[in-house]
Structures are given as structure tokens and as C-alpha cells.
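Kindly generate the complete structure, drawing on both the sequences and the hints.
Protein chains: 2
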Amino acid sequence: MTSAPNRKTTAPSVLALSGGIGGAKLDLGLYHVLKPWELAVAANTGDDFEHLGLTICPDLDTIMYTLSGTSDEVRGWGRQGETWACLSQLKEIGGSSWFGLGDKDLAVHLYRTELLRQGKPLGEITGNLFASFGIKAQVMPMADQPVGTIVHTTDGRDLPFQRYFVEERCAPGVRGFTYQDAETATPPTALLAMIRGGNLRAIVICPSNPFVSINPILSIPGIREALAASKTPIVAVSPLIGGAAVKGPLAKMLAEMGLPASNRSIADQYKGLLTGMIIDKTDGDDANNQLEMPVLAVNTLMNSLEDRKRLAQDVLEFADRLGE
Amino acid sequence: MTSAPNRKTTAPSVLALSGGIGGAKLDLGLYHVLKPWELAVAANTGDDFEHLGLTICPDLDTIMYTLSGTSDEVRGWGRQGETWACLSQLKEIGGSSWFGLGDKDLAVHLYRTELLRQGKPLGEITGNLFASFGIKAQVMPMADQPVGTIVHTTDGRDLPFQRYFVEERCAPGVRGFTYQDAETATPPTALLAMIRGGNLRAIVICPSNPFVSINPILSIPGIREALAASKTPIVAVSPLIGGAAVKGPLAKMLAEMGLPASNRSIADQYKGLLTGMIIDKTDGDDANNQLEMPVLAVNTLMNSLEDRKRLAQDVLEFADRLGE
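The listed protein sequences correspond, in order, to chains A and B.
Just so we're aligned, residue 5 is where the first sequence starts under our numbering, counting upward by one.
Just so we're aligned, residue 5 is where the second sequence starts under our numbering, counting upward by one.
Among the hints, erroneous ones may be present.
Note that identical chains are pooled: a pair holds if it fits in a single copy or bridges any two copies.
Derived DSSO-like pairs: lysine-lysine, alpha-carbon spacing no greater than 30 Å straight-line [what the hints assert, rightly or not]:
{"hint": "1", "residue 1": "K140", "residue 2": "K235"}
{"hint": "2", "residue 1": "K285", "residue 2": "K140"}
{"hint": "3", "residue 1": "K124", "residue 2": "K95"}
{"hint": "4", "residue 1": "K39", "residue 2": "K95"}
{"hint": "5", "residue 1": "K140", "residue 2": "K95"}
{"hint": "6", "residue 1": "K235", "residue 2": "K251"}
{"hint": "7", "residue 1": "K251", "residue 2": "K140"}
{"hint": "8", "residue 1": "K95", "residue 2": "K251"}
The set of hints was computed from the structure by calculation and includes no laboratory data.
Dropping the structure here:
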């Protein structure tokens with residue numbers, strides 16, 4: 005008689021929806037407090053753009069560099085120990101140099117672009133890249149197809165996100181957003197299966213900008229519906245602290261669209277999805293925020309790795325309580 | 005009454021047909037002994053290829069780095085003070101790394117590829133690039149359109165030049181060459197005007213490989229015909245010294261095609277074009293070589309800058325005598 009070997013479970017137990025910088029910080033906290041394979045991330049690719057013929061996926065790369073410990077924590081973007089020989093030569097010869105292309109970073113863009121040109125899906129390429137960086141979490145782009153976040157400005161223009169963000173430094177007023185070609189994009193099969201499977205411990209909406217990081221993910225047909233139907237606790241961490249964003253144009257955007265810079269405005273973006281919300285402890289209690297759902301107020305500012313792990317732990321324990 | 009100002013003539017007086025390494029050495033000698041704007045170069049682009057989505061023009065780049073004094077003389081290719089952060093990262097993530105892409109060199113490929121994608125002609129892009137490197141010689145690609153040197157091997161394959169040269173390290177036997185899409189390519193208008201104008205002091209065929217550097221240039225419709233009809237002295241410098249090439253597979257190619265490794269074999273490739281030929285002094289005199297044209301035997305090995313300038317001076321004086 006033989007006994008069946010213990011089958012080691014390496015299926016993800018936590019799914020995070022994540023943008024770049026802020027999202028990646030909580031992803032890293034979760035990656036540390038969970039077993040590496042327990043974390044799955046659906047990442048925003050609405051910021052992706054073409055530059056010098058290269059397909060650049062800023063949020064995927066930020067998550068990759070952050071989870072692998074190769075990101076530059078001081079500069080806040082890109083790679084540790086990065087060099088800039090190519091970019092400085094590009095400047096000298098009059099080439100386009102508005103985007104900060106590091107020499108190491110370039111290798112990732114060249115690799116990805118070459119495989120896309122060969123017809124490989126972005127999800128598969130992303131899997132290869134994360135594996136080559138030694139990352140065991142399952143990180144997926146929100147779709148294999150390009151979906152572009154368009155910023156509609158108060159002066160009547162429709163700007164692709166990178167033009168708004170980098171070239172125009174978020175100066176134009178915004179009146180809304182659309183996610184170009186989202187209606188024909190398809191979410192990763194593994195992502196839908198994970199949400200629908202009912203085996204997750206928690207689904208976490210990272211403290212990313214709803215308009216340009218999370219809503220693009222929710223715009224991919226099937227994802228919002230699957231989340232709304234899920235019995236898994238879904239917890240959003242608010243990106244606002246005292247009505248301000250830690251980084252980025254979120255508060256400015258809310259004001260320009262006539263929305264209060266409040267946690268309620270964030271929750272409204274995720275209407276019908278949330279089981280609970282985590283807000284910063286400086287923002288008081290549920291009553292103050294009119295969130296009409298269970299709320300946990302903790303320290304949501306993530307400066308150190310310890311902060312990230314602590315917040316990740318808070319998120320998981322809150323979700324566990326909500327799921328009881 | 006006003007007198008007309010003296011109009012400074014900056015038209016080229018010498019045209020060189022040139023491949024990469026060996027050709028660029030003589031180009032540099034000519035660039036030094038002439039006034040900078042007196043040199044024009046028609047460069048081989050039959051070696052050009054696509055790598056990681058980048059259009060790479062090895063001979064144009066070698067000439068650019070050589071004339072600007074930024075080439076790595078010790079390594080023999082690429083840039084001085086080059087760094088390799090991108091390539092080493094590419095290797096780490098399993099990307100294609102067979103081609104030695106330096107970080108600075110990459111900037112040139114990115115710049116060129118981006119402008120080609122925007123529809124700019126290669127000639128115009130080349131002009132911009134050379135100007136940004138401070139080069140005052142007029143260097144032109146042999147055509148704006150891609151023309152690819154194909155190596156027909158004795159084992160029956162048709163290999164694009166870079167596959168033969170880099171991937172297969174010139175191992176396959178060769179039985180001939182074709183220049184793909186040459187028949188529909190057009191030579192630079194300025195090049196034909198220069199050859200036909202009758203104002204040149206000399207036309208120099210550099211000591212490059214006839215099969216993979218010079219014949220591709222001659223394959224562009226109109227160039228060979230214009231040269232054959234020209235009254236300007238046309239002088240070829242043989243790339244052979246004592247039946248061997250200084251660098252590269254020329255002697256091996258001649259043997260595989262059943263041709264003697266002789267200056268006569270080189271001259272035969274330029275039949276109907278040459279006014280005279282310069283051979284190495286170790287190769288004896290005209291009678292030995294059966295060249296049936298005026299021959300000058302000098303030291304053709306170019307190790308130092310002084311060697312290059314001396315050979316350039318020899319070429320010009322020889323052409324001047326032939327033109328008398």
C-alpha cells in the first residue's frame with residue numbers, strides 16, 4: 005500500500021489589484037507576510053505606452069522591481085544602481101529623452117517588445133520576466149491586449165496617460181477618464197478563475213489611484229462582475245490620508261471633478277464591490293467617512309518595509325474578520 | 005558699387021566607397037589630410053539588420069565612430085568608454101544577447117529606428133547623426149531603402165550577412181552573393197550628381213571586402229554606370245596583403261569561390277571602373293599582379309593614425325598623377 009504524498013499547495017490565497025508606486029508598496033508587504041506563492045497580483049496596464057518603439061509597462065515594472073528588491077527606494081522609481089549611458093547619449097544626439105530610460109531598465113523593455121513583436125501574449129512575457137527576477141508571486145497584467153487610460157481635460161483634450169502625467173506634469177484639469185479598447189480586451193483566465201473559484205482568503209484593492217490605476221483593471225469585461233459576485237472579502241485600502249494623496253495627482257483630480265477629497269469618494273468608485281475599507285487613523289471613524297461598511301482605521305503610510313508588512317498584516321486580519 | 009563676397013567652396017572633392025573597419029581606416033586618413041568638408045563617403049548598408057526591433061547599420065556606425073574619434077581602437081569595434089549594463093541585464097533575463105549592444109551604441113540604434121519608423125529617409129537620419137557627432141564629411145548610405153547582402157553557402161543555404169558573419173562566424177563555405185532588393189533601391193541623388201558632375205579630384209574604393217562591402221554599393225542601380233562613365237580617376241586600394249586580408253573572411257571567400265587570393269581577383273570585381281590600383285609593397289609590381297593598369301605599390305597596412313594619413317596621401321597623389 006502506498007499513501008498519497010502530501011500535495012504541497014502553491015495556489016495563491018490573496019489577490020491584489022494594484023497600480024505602480026503605492027500599490028507596489030502594499031504588494032511587497034503582502035509578499036513578505038504571506039508565503040511567496042500565496043500572492044497573486046492583477047496589475048494596471050492602462051499606463052503602458054510606446055516610446056522609441058519600445059512597449060513600456062510602468063506599473064508592471066515597478067511591481068517587478070519592488071517585489072525583487074531591485075527598485076531604487078531613494079529615487080522612488082526605476083532600478084537600484086541604475087546607469088544612464090544610453091539616455092545621456094540620446095540627449096547628445098538630439099533624440100527623445102523626456103522619459104527616464106535607465107540602461108538596465110532598457111533591457112526589460114527591449115526583451116518585452118521583442119517577444120510582443122513575435123506574437124507572445126503580454127501575460128506570458130510578464131510571467132517570464134518576473135520568474136527571471138526570482139519572484140514567486142503570480143503577477144498578471146489586467147489583459148494581454150493594450151488598453152489605454154485616456155485623460156479628458158477641462159480644456160477639451162483627450163490625453164493618453166503618459167502625456168498627461170510626464171509631459172504635462174498633471175497640469176491640465178481633468179473632467180473624466182476612459183479606458184480605450186477596454187471593451188474588446190479579455191482578462192486573464194487565471195484571474196477570473198481565481199476570483200470565481202471561491203478559494204481566496206482575501207481580495208485587496210491596493211491604495212492606488214482609482215481613476216488611473218484600479219478602474220482600468222475594473223474596466224476589463226468580466227472583472228468587475230466577477231468581483232461583485234464573489235463571496236471572498238474584498239478590502240480596499242484608501243490612498244488618501246487626511247484628504248491628500250501620499251504621492252500623485254489624486255486629490256487634484258478629485259477636486260477638478262467636483263468630488264470631495266474623502267474616503268467616501270474612493271469607496272464610491274468601487275460601489276458594489278467592497279466588504280470593508282481600511283482608512284488612515286488620522287481620518288477618524290466610519291461615521292465621519294459615511295462609508296456604510298465595516299471600516300478599519302490604522303496607520304496606512306508606508307515608509308519602511310516594516311510599515312508595509314504591518315499594513316499587509318492589518319489588511320489580512322481585517323479581511324479574515326470580515327470573512328468569518 | 006559692392007564686390008561679391010568670396011564664396012567659400014565646401015563641396016566634396018574626394019569620394020570614397022567604403023565598408024566598415026578597413027574602409028573606415030582609410031576614410032579617417034582622407035578626413036585628416038583633406039579639409040573636413042572635402043570628403044564624401046558612400047557607405048555600404050548591405051550588412052544592416054534588425055535586432056531586438058532596432059535597425060542596426062554596422063558600417064555607417066563604424067565610420068561615424070571612427071571619423072569622430074569615438075571608436076574603440078583596442079577592441080576594434082564599437083565605442084570608446086562603452087558600458088554594457090543593458091546587455092548584461094538582457095543576458096540575465098534570458099533575452100537575445102548574441103550581438104554586442106553597448107549602452108551608448110544603443111542610443112544611436114534607438115534614435116535611427118525611431119526616425120525610420122516616422123518615415124524619415126536613412127540618408128537624412130545619417131546626416132543628422134554624423135552632424136551630432138561633429139563630423140563635417142558628407143557620409144551617405146548607398147541607398148535609403150534596405151538592401152541586404154545574402155551569402156549563398158556551399159551547403160545550399162542563403163544566409164543574411166549577419167547570420168553568416170556573427171552567428172556562424174564565417175564558417176560556411178560561400179559560392180556567391182546577392183544583394184536583396186538592390187534592383188528597386190535608388191542611390192542618393194547627391195552621390196550620382198557628385199560622380200557625374202566631373203568636379204571630383206578622385207574616387208577611392210577603400211580596402212574593404214569587394215563581395216560584402218563594395219559590390220553591394222555597386223549593385224544599386226546607376227552607381228556602377230555613373231562610375232564607369234566618369235572621367236575622374238578611380239583608384240582602388242587592395243584589401244589583400246600577401247594574399248591575405250588584414251581582417252575578415254576575404255581570403256577564405258576567394259578560395260571557396262575558386263578564385264586566387266590575388267590583387268587581380270580584387271581588380272576583376274571592379275572591371276571597367278578602375279583608373280589605377282594601389283597594392284601593398286610586399287606584393288611586388290604590376291607584372292606580378294597582371295593588373296593591366298597603372299599600379300602603385302606602397303605600405304597599405306594601417307595600424308596608426310599616421311599610417312592612415314600616409315596611405316590617404318599616397319592615394320590622392322596617385323590619383324592626381326593619373327588625372328594629369
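Against the structure, the hints:
no. : hint          : in the structure
1   : K140 <-> K235 : within (26 Å within a copy, 71 Å between copies)
2   : K285 <-> K140 : neither (32 Å within a copy, 66 Å between copies)
3   : K124 <-> K95  : between (32 Å within a copy, 19 Å between copies)
4   : K39 <-> K95   : between (44 Å within a copy, 29 Å between copies)
5   : K140 <-> K95  : between (37 Å within a copy, 20 Å between copies)
6   : K235 <-> K251 : neither (32 Å within a copy, 71 Å between copies)
7   : K251 <-> K140 : within (28 Å within a copy, 48 Å between copies)
8   : K95 <-> K251  : within (28 Å within a copy, 34 Å between copies)
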